[in-house]
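K.L.:
What follows is the residue order along each chain.
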Amino acid sequence: MRLDGNALAGVLVEALGTEMTEAPRRCQSCGAVNPVGAHLLYQGAGWVLRCPACGDVALRVVSLSDQHVLTFAGEWRVETPR
Amino acid sequence: MERLRVDWRVATVSGVVDETPSARTLVLDVDGWPGHRAGQHADVRLTAEDGYQAERSYSIASAPEDPQVSLTIERIDDGEVSPYLAGELRDGDQFELRGPIGGHFTWRAQEGGPLLLVGGGSGLVPLMAMLRHRAAAGSDARTVLLVSSRTEEDILYRAELDRLASEGDGLAVHHTLTRGTPEGWQGSDRRVDAEMLTEVGPPVADAPRIFVCGPTPFVEAVADLLVGMGHAPASIHAERFGPTGG
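Just so you know, the protein sequences line up as chains V and G, in that order. The first sequence maps to residues 3 to 84 in my numbering. The second sequence maps to residues 27 to 272 in my numbering.
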């Protein structure tokens, strides 16, 4: 059963220290720009986040006992307070 | 980059409200709660005596204006966490909570309307935070809430929704039941479809901001219907609740 990027918000804030679900991401395959929260999320051994337009991989997350490992694809634009 | 800290905090139960036969609201005092936006969620962590931990995410039901944090939890009978949270917790009990979490599925009163909120089952919870925020902020943003529940007794926040809808400040609430209706039922009696959305929702030309929340099949069916009606995909904010092990 798939979920959406909103369900990954806790892991992303833990790993990256900032809210990520509002961040727009441009897909490397189809060029569609969608907020991370609007991406589709699949759970297996880890999490795979996919472009809602074409399904290509946007992010893979593997959470181990002592670290998160994140592999990004496409163009992510993050604006954070400074 | 300074790391945004989302620390685990101690939440103390200060009240429980039985909403339906299977759902309970926990009213919580949370040490150092930084405030939230309507639509955000929180993570709950329970730790057993042997150190085993289980984490679950729950939408926040209370308005940002409320100093206490309310979570409404649907009990999944063979679940690992929800039977404890929605069944056994008592006033004064404590557990760990962190948040607020998320940002995409949120609404602030100053962002205005019109709004179309569509909730399936406990997907109503974050939408309720938006309605409570709307009321607390004195917003008159034109808003339609469409709630799909299985049976009448499964409807969350029924009395409060009736009260909010009777304020005459631009909120309309429409219920549909998918597993049978009681005698004299005024709402709809089927799954959400295009006809229902057209009948109760704002016109496409009004370009409403749309929030849809519920189980994945519900959310995807409703979002597809809305896109098919001509609503802009970017105006549709969806949050899927999945089988998390309860």
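Check the hints yourself; a few may be wrong.
What the hints assert, rightly or not - Sample of chain G residues facing chain V (criterion: CB under 8 Å; computed from the structure):
# : residue
1 : 32
2 : 80
3 : 83
4 : 130
5 : 242
6 : 265
As the list claims (entries may be wrong) - Pulled from the structure, derived: some chain V residues nowhere near chain G, Cβ distances all over 12 Å:
#  : residue
7  : 9
8  : 58
9  : 62
10 : 64
11 : 66
12 : 72
13 : 76
14 : 77
Said to hold, decoys possible - Beta-carbon label-pair distances, calculated as ranges:
#  : chain 1 : residue 1 : chain 2 : residue 2 : range
15 : G       : 194       : V       : 79        : 35 to 45 Å
16 : G       : 78        : V       : 79        : 34 to 44 Å
17 : G       : 41        : V       : 83        : 32 to 42 Å
No lab work stands behind these hints: they were computed from the structure. C-beta atoms are modelled at their ideal positions from N, C-alpha and C, and glycine is treated no differently.
K.L.:
When the structure is checked against the list of hints, which entries are broken? Sort them ascending.
P.N.:
2 and 7
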